[in-house]
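Trainee: Spelled out from the first residue to the last, the chains are:
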Amino acid sequence: MTIDVPTSRSHRSLPQLQPISFIGADGQPTGVPTDGLTIPSDRTLLGLYQKMVQVRRFEAQVTHLTRQGRLATYPSAAGQEAIEVGATTALAPGDWLFPTYRDSASLLTRGVPVTEILSAFRGDWHCGFDPNEYHTSPAATPLATQTLHATGYAMAAKLKGEDACTLTFLGDGASSEGDTHEAFNFASVWQTPTVFVLANNQYAISTPLREQSNATMLADRAAGYGMPGIRVDGNDIAAVFAAVTAALERARNGEGPTLIECLTYRMESHTNSDDPTKYRDAEEVEHWKQFDPIDRLEKHLRTARILDDATAADITASAEELATSVRDAMNTDAEVDPSELFAYVYANPRANLATQQEKLEAELATAAQP
Amino acid sequence: MTVTTATTAEDAPTPVSVTMTKALNQALRDSLSDDENVLVFGEDVGRLGGVFRVTEGLRKEFGPERVWDSPLAESGIVGTAIGMAMAGMRPVVEMQFDAYAYPAFEQIVSHVAKMRNRTKGKVSLPLTIRIPYAGDIGGVEHHSDSSEAYWCSTPGLTVVTPSNPADAYSLLRDSIASEDPVIFMEPKSRYWMKDELSLPVQTAPMDRAQVVRVGSDVTLLAYGPTVRTALAAAEEGAEHGLAIEVIDLRSLSPFDDETVSASVRKTTRAAIIHEAAQFGGYGAEVAARVTEANFTHLSAPILRITGFDVPYPSPKLEEYFLPTAERILDALESWDWEL
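Each protein sequence line maps, in turn, to chains H and A. Numbering-wise (the working numbering), the first sequence opens with residue 1 and increments by one. Numbering-wise (the working numbering), the second sequence opens with residue 1 and increments by one.
Careful: at least some of the hints might be erroneous.
[Said to hold, decoys possible] Here are the simulated BS3-like pairs of lysine-lysine, each with C-alpha atoms no more than 30 Å apart in a straight line:
| no. | chain 1 | residue 1 | chain 2 | residue 2 |
| --- | --- | --- | --- | --- |
| 1 | H | 160 | A | 60 |
| 2 | A | 122 | H | 359 |
| 3 | A | 194 | A | 316 |
| 4 | H | 289 | H | 299 |
| 5 | H | 359 | A | 120 |
| 6 | H | 160 | A | 120 |
| 7 | H | 289 | H | 278 |
| 8 | A | 194 | H | 359 |
| 9 | A | 194 | A | 60 |
| 10 | H | 160 | A | 122 |
| 11 | A | 114 | H | 160 |
| 12 | H | 359 | A | 114 |
None of these hints come from the bench; they were simulated from the model.
So here's chain A without its partners, still in its complex pose:
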């Protein structure tokens, strides 16, 4: 995929192989360097550098007053981050795993999301809550949840998720700089994905979706871990003469209606792909709003290709649960293409 770099062609450093973890690490480092109010704390983010090593080396570089290990209590982490943001700081906190963010649910939905509105804009909370999410890493129970629907259904939160290293860097920098609180969801299975790029990099604005593969027959809407799956389906579909367009949503809330509608009006068919369960999931909102805005342009109902409506399974069962390229192509075949 293509990315635009902040630097001009002449002085651009030679692109190197960068993992998503490294890109996130560099985004934190650059944010800490640029703004003395940025703080990084959470469980094991200091000495260890986080269980996924996203914060590796930051404590050593910036000291324990900027980057430190907190007691093990997620509500405490988010709740104290709120107080720090009220005092003018820009905390970046880590929830170690998706399901371990749930103890912080009350602080997030009752205060992080509502403080600005509650105070008529007098108190903004510019904090970033990093949540490694989704599965496909062979994790035991509680280590593979996709919790995006909870956050997206809460007004006041901004929810973004990168699918590649360049966006990981750019979206995290933008999230930390945002006056609004951001739930920053990191797809665990893509942490080790590499791209050739030079940092720093500025990709599309943080509230915009990106067309990552152009096609004319159908639009696949994907985000985070499922972008790679959608691209694989597009690749395979092409072999069968199907021109699949893939959109990486990037921003789950707000939703980029403009980019998505333009694509859907062109292809007239769309499917949304996510790992989370289908019922009441994020795909339901996407299908509904895209249908409402484009009904007369559609030649088929919008499909949701998702995890089943069951709890996330054990490692040996996750291959049956997760949406695959094959499942996507099978689902597309269910449409009556003669319509």
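Chain H extracted, bound-state conformation:
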């Protein structure tokens, strides 16, 4: 009597060791094997460059406003612009994005207005935008929980025969959460059209990757769930965009989910209330500056004569314009309406909420009397 054993694997077992990268830190071609991916056109790259410049200016402006006390807190994605912009831009309008708290830049790329992106951090409402309008879920704060929402949404799209794919971001810290593993497994078993973009920025607040995982690389985990996993240089937007585009194409063809690990570095602190000097050296941050995603793309585009001084100046000006609009928006006080505390909790109205609302309104009326 014999036991049936598989004779081959459904996917190649493990990703290549060298992260896929088209454009090196020096702006030159890397020559790294690209696993069948093709570099985006220079025209596409120029568009991505412009968005990255804007996103970086946005992150800097919002971080500055947070230091001034205009926002309660802000988790910046500075240094991770290639992932935010590259992955989000690859989505079709009908696809759904499931971001986290560090992905404001992806919301900006998705077209969500600045005030609606920042309402969570400004403190006027948890989610400031209409998810259905932007095909974008509220940014999830509890780590990894959104990976399951992305899987479920994709399952529904598949069952309904709709074309929509889902893309969700997660980090190296979130990769330890149980929900991440459940999402990888459900997505692969159900073959949902889902792309998991894992931004490995080396730190979960203060905990370094080596204390987070003993895997050779986080993309290795995909093999255990029977889905393809690849690792790209997360600071090379050409690689991120190409990998996500290919994964979305697979998903749309009914070939199921993909895990894409993007190697990067969190240039800023976790949030403004963090003190990174306690857990990492200034030299390490300096070291990573040489791998900057914007600098290298600028070098590439200038070498290819796609970007000249005049275009660069236009792009900088558009980023400054965005920064001005952020300042203007955040320097006015957000209006809040206390009655909204009760307005949306339930679709079916509740007597106890109505009573509590009446009490609050009576309190406010009394307080308003001279």
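Could you slot chain A onto chain H? The hints should help.
Mentor: Structure of chain A alone, referenced to chain H:
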């Protein structure tokens, strides 16, 4: 007990003996038939029909794209159901046993309960989470928990529990049709309880409590598994000249203040009965809010007759733990009836 049927007397089918399991099964079947967006998935709910057979035959009838077995991970089940609801579906998921819903706690309290409020009503999550709960079935550890207090103390959730087959059918249909997410708690020990009825049946609205026995001396507030216990106590009390009114709460959140207050103002005394431990339990909220609303009408403090403040015991000890009719009547005797 009496129920009103949706059909008129002339065309009503002859009532037949229906278990709660069968009533739940029929509610799922009818919901799946009426709305193509209804989906049923969870652990072993497909081929096996669920460990309690509540979903029996549904996969065969509606196919594996509507009713299917999921991987064994409760957070995954609820988390993916959230995504499906965002895409316009009405998922009905099963947590195999009360204590096995705990891995899904974060998804339920952080997302199921909060999504609608978080998005100013733009994203509702019309999903139903079925949780078989409570004991008295000789279950080993983790198979007899009463977890209602956790869900009831979370704003954004609706929590209902039937005590009989007719309500099981009606409340489950209403829960699946609700725009709000519902924690639907099924009392395991009543799964095999039978009533004569014809399905479909529409009982009271899902947010209302029901007076299931009229009395004038004291009001017993019960739900799910303890309704039968309260009715038994009322029966026995009657033999001793005590006219006990029994209310089946049905909806734990929201709480039907109106029905309960009307009864308590009539009887002036009340006790709440549940299997879950007493400290910080659902009965504490009931006693407090009923007292606040009716203090001057009460002639005695509201009693809580509940499980002890200990973990749910092993099968051979559960008879000492669970509230019984005798324990209820003993507790009522503790009141000074001369007041």
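Trainee: Against this structure, judge whether each hint is valid.
Mentor: Status of the hints after comparison with the structure:
1. At roughly 19 Å between alpha-carbon atoms, residue 160(H) and residue 60(A) fall within 30 Å of each other, so this suggested pair holds.
2. Of the pairs offered as hints, the one joining residue 122(A) and residue 359(H) holds, with about 26 Å between alpha carbons and a cut-off of 30 Å not exceeded.
3. About 26 Å separates the Cα atoms of residue 194(A) and residue 316(A), which keeps this hinted pair within 30 Å; it holds.
4. Restraint check: the Cα-Cα separation between residue 289(H) and residue 299(H) comes to about 15 Å, which is no more than 30 Å; the hinted pair holds.
5. The straight-line distance between the Cα atoms of residue 359(H) and residue 120(A) is roughly 22 Å, inside the 30 Å bound, and the hint therefore holds.
6. Proximity of residue 160(H) to residue 120(A) is assessed by CA-CA distance (about 27 Å); at most 30 Å being required, the pair is judged to hold.
7. Of the pairs offered as hints, the one joining residue 289(H) and residue 278(H) holds, with about 20 Å between alpha carbons and a cut-off of 30 Å not exceeded.
8. For the hint pairing residue 194(A) with residue 359(H), the CA-to-CA distance comes to about 46 Å; that exceeds 30 Å, so the pair is violated.
9. Simply put, residue 194(A) and residue 60(A) have alpha-carbon atoms about 25 Å apart, close enough for the 30 Å limit, and the pair holds.
10. At most 30 Å may separate the alpha-carbon atoms for a hinted pair to count; residue 160(H) and residue 122(A) meet this at roughly 21 Å.
11. For the given pair, residue 114(A) sits about 26 Å from residue 160(H) by alpha-carbon distance, which is consistent with the 30 Å threshold.
12. Restraint check: the Cα-Cα separation between residue 359(H) and residue 114(A) comes to about 23 Å, which is no more than 30 Å; the hinted pair holds.
Violation of the numbered hints given earlier is confined to hint 8; every other hint is satisfied by the structure.
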